[in-house]
Amino acid sequence: DIQMTQSPASLSASVGDRVTITCRASQDTLNFLNWYQQKPGKAPQLLIYDASKLETGVPSRFSGSGSGTDFTLTISSLQPEDVATYFCQHYHYYPHTVTFGPGTKVDLK
Amino acid sequence: VQLVQSGAEVKKPGESLRISCQASGYDFSKYWLGWVRQMPDTGLEWLMMIYPGDSETRYSPSFQGQVTVSADKSSTTAYLQWGSLKASDTAMYYCVRSRRDSFDIWGQGTMVTVSS
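In order, the protein sequence lines correspond to chains A and B. Counting in the numbering used here, the first sequence runs from 1 upward without gaps. Counting in the numbering used here, the second sequence runs from 1 upward without gaps.
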């Protein structure tokens, strides 16, 4: 089974800081790698799909990069409303399985 | 486009349960619809998905035989069902619309609490 790891597990940053979260897969994801934001008490929301494509309506300060097994989610200028937990997710075809990373909690310093 | 889930449930171990997810604003038959579990203060786990057009299903090996998914095209509603609940089933359950390899629409979640 494919395993997903994320680092760091949590971070504190100031408003305006650049924030980088890393996701690593145990095998090639073929770039079927997505990022979600979950605010406290809310359902997750899709931010980035296929590693680097910004979902409609998501602010442009969010970006995704990477390929194969190593991926990055970047928030170019952290805003108060970005306090949340961020999850990466991979869909593996044949057999069909979905794996989420353990999450990275972002809060304000 | 939205997914609206049924309300919170409190059940005893051994009881059965069915929770629902009603879709609107898109062609229900043409998108896979899945379920994701989030246990208290933990991460996300994918359970399974169903294609309402022909009821084809795909299950996580971890949940095969533990829960059952179904869909009713006439009411554009998907269901997640347990035959005998355990305390370890206590969690928030989200229904999700699958768009290729991502989940682009999420329901608001249904909290299931199993306690004696």
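Since the hints were made in silico from the structure, they are not lab data. Here the structure is a predicted model, which means the values were calculated and not measured. Beta carbons: idealized from backbone N, C-alpha and C, even for Gly. Do not take every clue at face value.
To be verified - In silico BS3-like cross-links for lysine-lysine, where the CA-CA straight-line distance does not exceed 30 angstroms:
(1) A:K42 with A:K105
(2) A:K53 with A:K105
(3) B:K73 with A:K109
(4) A:K39 with B:K86
(5) A:K53 with B:K30
(6) B:K86 with B:K11
(7) A:K39 with A:K105
(8) A:K42 with A:K53
(9) A:K53 with B:K12
(10) B:K11 with A:K53
(11) B:K11 with B:K73
(12) A:K39 with A:K109
(13) A:K39 with A:K53
(14) A:K42 with A:K109
(15) B:K86 with B:K30
(16) B:K86 with A:K53
(17) B:K86 with B:K12
(18) A:K109 with A:K53
(19) B:K11 with A:K42
(20) A:K39 with B:K11
As the list claims (entries may be wrong) - Part of the chain A face toward chain B, derived, beta carbon under 10 angstroms:
(21) Y36
(22) Q45
(23) T85
(24) G103
Quiz item: What hints, given by number in increasing order, does this structure fail?
Solution: 3, 9, 10, 15, 16
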